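First to last, the protein sequences are chains A and B. Residue numbering for the first sequence follows the working numbering, starting at 1234 and increasing by one per position. Residue numbering for the second sequence follows the working numbering, starting at 11 and increasing by one per position.
For the record, the hints were derived by calculation from the structure and aren't laboratory data. Since this is a predicted model, take the numbers as computed values, not measurements. Even glycine gets a Cβ: it sits at the ideal position worked out from N, Cα and C. Certain hints may be false.
Unchecked claim - The calculated lysine to aspartate or glutamate pairs, modelled on EDC-like cross-linking and capped at a C-alpha distance of 20 Å, are:
(1) B:Lys86 / B:Asp96
(2) B:Lys42 / A:Asp1312
(3) B:Lys42 / A:Asp1310
(4) B:Lys42 / B:Asp96
Unchecked claim - Which residues of chain A face chain B? A few of them, derived with a C-beta cut under 7 Å, are:
(5) Tyr1304
(6) Ala1325
(7) Leu1329
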Amino acid sequence: MPTILEVRSLNVRVNGRLLLGDVNLAVERGDAVLVLGPNGAGKTVLLKALLGLLPHEGHLAWTPSSLRIGYVPQRVDVDVHLPLCGRNLLEAKAALLGLERPAIDSALERAGIGWDLMEGPIGHLSGGQFQKILIAFALLGDPEVLMLDEPTTGLDEPSAENIYDLLRRLRVGGVTVILVSHDLGLAYHFATKVLCLSTVALCFGAPDQALTPATLKALYGVRYEGASESLRSGRV
Amino acid sequence: MGGSEALSVYAILLGTLAAIAAGLTGSFALMKRITLAGDVISHIALPGIGLAFLFGFNPVLGGATTLLVGTVVIAKLEERTGLTTDAMIGVVFAASLAIGALVTPNQDLAEALFGNLRPVSPLGLTLGLGATALVIGTLWWNRHRMILHLFSSELATTLGINGRRLNLIFMLLFGVTVLLGLQFLGALLASALIMIPPTIGRRLTHRLSHFMAISAGASVISVLGGLAVAAWRHLPLGPTVVTFASALFGLSLFMKER
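When you get a sec, could you build the whole thing from the sequences and use the hints?
In structure tokens:
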């Protein structure tokens, strides 16, 4: 598979403070990359740097540069008084991309939501409903790469499982997924590659090789030492 | 001045279109939470209006000039002093009001502050229609970008939307909209049509299209009602229009919030 993302010696500093250091990775089309790390490790910073939202040092190249990228942010601070509903957001994006109504229908169907949810003011939606609209928004336009920052936050268990099913189906269809999550089990049940971050990159590669007990210990501390067997067998 | 002889078809047409522009611009200003900026911008126009009265040229041209200069002065002072934009706006705002009051001839001060019903010349109508078309057309053209940027500047950036450029475009439209209202409503009240009608729209609906339609509609009703009453009762136009708009807002308080 062709390499669509190449990152070498990536550093991100904000106001002189290093938020992300020495990240190297190569992502091939169809990969499912799981980004792991404790809180404050730089996972969200990495996604934002990949999207061009944060200035960075080092080499970062998407190939081709015109790749369609969908992004589900970890959070969006919405003014609850905004007179906007989900329909406005998806229709606005569709208009920008030159897409018609069937494209919106398709995105909603894949995100598992109906038009009824799209008519209410966004400030009145529950966290889970809002998250689903963000996912539909990201899927609109058939992205070749989907980047998700803890997409199941606020979702109930069946909804979260639906999201993972969706991601698996997208992967089968050739979509590259870059996923930030705290769910270590995904490393063995979903990901083709794992990137471990703790401000600097501690590992990158296939889960079996990258997630050694030593790496997990460095990443999370002693309580995860020896847990990889359990994770692999689905007992954690 | 103020009388039915000035209430021409031109004045009604220009007032109506300017009201639509104000309602639509105000809708986005309310969503961006910058409605009060219009208040400040309109005050910066006062010295220019005063000089226009003093030397006998078009007040809107005078207002436009000091608006431009005031905006640049705010930016430069901010760079040099390191003070924040709102602090600089506060200084320029107060200075503008004071200088405006000093340079405006006494007999024209009330008109500069509160506007008046003046006859609209064909040239004035043409310029006004052009400015109105510019505001409404640009808002329409950028509506999708502005909605996405309002929702999330990050997501908008990932879609190739330049947030800085969009903000600059909006502030320019904002300034043009204030200018449209300056001659009729005066420096003190020109921003009222940007501020009040959208609050009525927001109270009555949560749907974007309805919100903008109600804002524009309330603005038009305020201007037409104000024009009629001001011409009939020989009242100053600005306060009459703004009182009309405020009364509509008061009425909206008795309606069910959506």
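Evaluated hints:
1. B:Lys86 / B:Asp96: holds (13 Å)
2. B:Lys42 / A:Asp1312: holds (10 Å)
3. B:Lys42 / A:Asp1310: OK: Lys42 (chain B) and Asp1310 (chain A) at ~13 Å, within 20 Å.
4. B:Lys42 / B:Asp96: holds (16 Å)
5. Tyr1304: holds (5 Å)
6. Ala1325: holds (4 Å)
7. Leu1329: It holds, given that the least Cβ distance between Leu1329 (chain A) and chain B is near 5 Å, below 7 Å.
When held up to the earlier numbered hints, the structure conflicts with none and fits them all.
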